[in-house]
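What follows is the residue order along each chain.
Protein chains: 2
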Amino acid sequence: MPNYNAPLDEIRFLLYQCLDVEKILEMCSSGIGADVVDAILEEAAKFAKNELAPLNQVGDKEGCKFNDGEVKTPTGFKEAYRKFVASGWNSVPFSLEYGGQGLPWLVAIAISEMWNGANMAFGLCPLLTQGAVESLTHHGSTEQKDKYLAKLISGEWTGTMCLTEPQAGSDLAAIRTTAVKNGDHYLIKGQKIFITYGEHDFADNIIHMVLARLPSAPEGVKGISLFIVPKLLEGLGTGGLGLGKEMPSPITHHPTPNDLKAISIEHKLGIHASPTAIMSFGDNGGAIGYLVGEENNGLKYMFTMMNNARLSVGVEGLGISESSYQQALAYANERVQGKSVGIRNLGLGGENLSNPTIISHPDVYRMLLTIKAQTEASRAIIYSVASAMDYARHHTDDKTRQINQDIVDLLTPIAKAHATELGFANSSLAMQVFGGVGYIEETGIAQNLRDSRIAMIYEGTNGIQAMDLVFRKLNLYDGRLFKSFVDVYINEQNIEPFNSLITATAKMQELVKENPKQAGILASLYLRMFGIALGAMLLNRQLEIAKETKNINPDYLSSKIESVEFYNKFLLPEINYIAGIIMDS
Amino acid sequence: MPNYNAPLDEIRFLLYQCLDVEKILEMCSSGIGADVVDAILEEAAKFAKNELAPLNQVGDKEGCKFNDGEVKTPTGFKEAYRKFVASGWNSVPFSLEYGGQGLPWLVAIAISEMWNGANMAFGLCPLLTQGAVESLTHHGSTEQKDKYLAKLISGEWTGTMCLTEPQAGSDLAAIRTTAVKNGDHYLIKGQKIFITYGEHDFADNIIHMVLARLPSAPEGVKGISLFIVPKLLEGLGTGGLGLGKEMPSPITHHPTPNDLKAISIEHKLGIHASPTAIMSFGDNGGAIGYLVGEENNGLKYMFTMMNNARLSVGVEGLGISESSYQQALAYANERVQGKSVGIRNLGLGGENLSNPTIISHPDVYRMLLTIKAQTEASRAIIYSVASAMDYARHHTDDKTRQINQDIVDLLTPIAKAHATELGFANSSLAMQVFGGVGYIEETGIAQNLRDSRIAMIYEGTNGIQAMDLVFRKLNLYDGRLFKSFVDVYINEQNIEPFNSLITATAKMQELVKENPKQAGILASLYLRMFGIALGAMLLNRQLEIAKETKNINPDYLSSKIESVEFYNKFLLPEINYIAGIIMDS
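Read top to bottom, the protein sequences are chains A and R.
Residue numbering for the first sequence follows our numbering, starting at 1 and increasing by one per position.
Residue numbering for the second sequence follows our numbering, starting at 1 and increasing by one per position.
Rather than coming from a laboratory, the hints here were simulated on the basis of the structure.
Glycine is no exception: its CB is placed at the ideal position from the N, C-alpha and C atoms.
Keep in mind that a hint or two might mislead.
[To be verified] Derived contacts from chain A toward chain R, CB cut-off under 8 angstroms, selection only: (1) Leu-269; (2) Glu-441; (3) Ile-457; (4) Ala-523.
This is chain A alone, in the form it adopts within the complex (with noise of 0.2 angstroms):
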């Protein structure tokens, strides 16, 4: 069974030395030190590696059951997620007034590359109780606030997203589900698919959060409003329910269903131990629903549940990525086959010329040293982001908290989409390194393979990220983002290599507006581009901090030099040939 092992070496470097997680939990006024964060995140690295790890073969192998509307979940996870809360994982990014722990974002991304590192389809659940914090934390009523939150920041209740409906896919201005206003209530009708961790055996209620149309709404994503839609209510009668202004009643306390139910789950490529539902509201008569904030405005609400999620999809990509390193590195220095041709290989190893494993073949090393360095590119990304989602919430200077959001903006589509991708192709390069053997499932690497693929695909695929980014984020404000971008990661030191990133923006910003369908065909490579050059300006200033680090692990020093001259040789060199066809159009 393959080991997780939590790269913390490179955590605490990316955390202390390049992005001053000290500084960072400052302005969050958590009154945590970094001294506990490092607590926080040797813990974490045990609970990733003995309560989840273990489980994620099982859970693959099991998959999850259903039965008459409920979800038996693969042996030990029910558990293992109680456990989860009971030591308040879940809690850790929210705010201190609801139970949680108040921790940076960087942190938490940190910690939640553990999960998916682990155990990626546990992960899952987590994430979708975030999107549910997240938006009733930004969007919810007090009374909502204090109804909901407490119970799922600690995770004794968990979150889903309910916007996906069969016809309408990606095109959320197709959404039929009905919304018709009861008193101070809704009722809500109509079938949801895929959604993560509808139904299940974790945890006592399920907060669904749903998009649904009021019947006066108008056409198209204008008319979408967003409500909580409990699987249990509490109290009796469907009157004042969830707000806390029920009348008393003889059975308080014996929570009440709500008229929605999970129909199916799917047989899926991957993620078997998380159940993705088919939900049905309101086959008898109507489930009750909340409406969060206003009438018609779910489309925003919505998007601060994605935005969130994307980053976090993103860091699925980064957990797979670390996973798959770690098993092809194990392999490659276990398997003793053919001669050496005695390859340099710093960080990865010693070399035994009369008996080689297979590290020591140039090709082995090739694929090896590529997920290496596109798993650190995909980290530095994502950290880089999270880190700037801290300021943009808690710097006190108006004009750092808004280049910060221009940057969470502008990179966020980027960091899910180049993050994913890479994700699948790592995993697909261990699975080479193993050769025969990887596509045998109890290996464990094809699990990598098929848990890694969806998140290509979910919270908006990487095509739509990909249109994210070039028909939203490019020109907004007149490109204001980008310039934010160029501000706070481009000087004159690294300029040279970028230039071309640069002058392609400019082409692409272009493009939309005189050339939209040639800007849609370019906009997935445009945003490949994007992230390897990201990555690039990352690893190389990780680079530089690495050799001004005094007292720095000479073994990880060495590492991050094979890694970074790795991607800057082999990797980097990509933009130009992107750039050219970008230039070309």
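Position chain R against the provided structure of chain A, taking the given hints into account.
Just chain R now, with coordinates in the frame of chain A:
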């Protein structure tokens, strides 16, 4: 359930317009004309569509069942195989002398594309039998040919290639299976893994081609011998079996089981309908085996099986590419979503701006054209190699035969590795066209992703193909192979875009001698570059021919124009970045 329609228009265009199959038929003296070939292609297309495609998903879902040494293949497979044999499909490319149809490899490969497009797991069985036929045809004694060839060619018996052992993997020098001489046969003992169709219920007998080592054999690959080890021995006793010399016996015609058995079958990522067995030989004293050719010369005979199989594995990649394209195109033409930006889609169906299907979205168009162009490039490469194979075997002129053999030797690793990389990449792109639905197993495209992945690994991993290309083929006969290639494929009209291939090749030839480690690290990238460039050469030549062809179907012509223009603009430029990396090394 996904459908499959053999791309007959394209296959005909390649065979008749581009590769002059009539001339090849004459060379092969099969006595068959182009009209008969056309009828054969039509019939094969029907068999693929009506008999094999409907079993593809069944086979994936049911898989093979193993019980006490016996394998039960999925519902319908046994019957389909028997129809396949009864219809003569197994015998297409083989010698007339032993009941084959004597058709050119070009035709056989075109037909094999259909089996793989419809049902790759099924197609593997004849692929392995073909390896056994090839090695016996070239290296077997007359008696062995008389004994085995007719039944292998008809498909009444099937063949396997028993090379891999647990400790040896790709390193055949490490093989430990032993063969001890015992009269006119040998006793074989050892374990072999990853034996495709090592045990099954399709046929009466299975002829295992087994690599083993004699007690006196020198170490390494020069001490390997090849043996025929039938599952069932005919006649009685162990003396003189299998060579038609045995004495009459009361129980002749009651076949005696040989001392070999399947221990288990593997649980794999894909190709579930193809049983991958662990075989044990000689648990009760020794399996009876018959030496092929000379002792210690087995590696050479094995490569006769292997080289042939390598091209056929490339065909698997091609078949999956075509199937993935058809599935993605059908979905994109049917799924209504969002607004159209009015994309041009000449070859891909009409446009409906008011109720647009997703084919109107530029990013979907990009994905479909990428799959289409890459599929056509794979086909162009593979058919080109198959035609060179026919010239190398049958042309009357020595020099022409030699040049074509050079081309076959040089391009086989490229055809195998590049077409299988594209098969996997295309199935992943096709899944992306489906979006969330693609991740659900019932849709069918996930099976293509899972099935296609093995083709990058078996018959020599793609890394090993790159090593074969760079370390063996490039400098063979003082670089003659590449010169033969340039003479045939590159001319004054098309040299410009391919100059970078010529200079990169010279650099690689130099690196092999001066810096083999660096050559090893670059080999896979170089192979990719070669594959992309080769695809471009052939597609652009196809376009010239299509434009010159009288009475060409105008839809086919515009579809070809669109593919080639897309390839030139979006795919070919990748060679420049790879050339840059190679030249900077």
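Item checked: Ala-523 (chain A) as chain R interface residue, shortest Cβ-Cβ below 8 angstroms -> Status holds, d = 6 angstroms.
Notebook entry, point to check: With a cut-off of 8 angstroms, does the beta carbon of Glu-441 (chain A) approach a beta carbon of chain R closely enough for the hint to hold?
Noted result: holds (5 angstroms)
Next item on the list: Under 8 angstroms, Cβ to Cβ, is where Ile-457 (chain A) needs to be relative to chain R, so tell me if that hint holds or is violated.
Entry: Ile-457 (chain A) check passes; min Cβ-Cβ to chain R is 6 angstroms, inside 8 angstroms.
Item checked: When the least beta-carbon distance from Leu-269 (chain A) to chain R is tested against 8 angstroms, hint result -> holds (4 angstroms)
Hint compliance for this structure: every hint is met.
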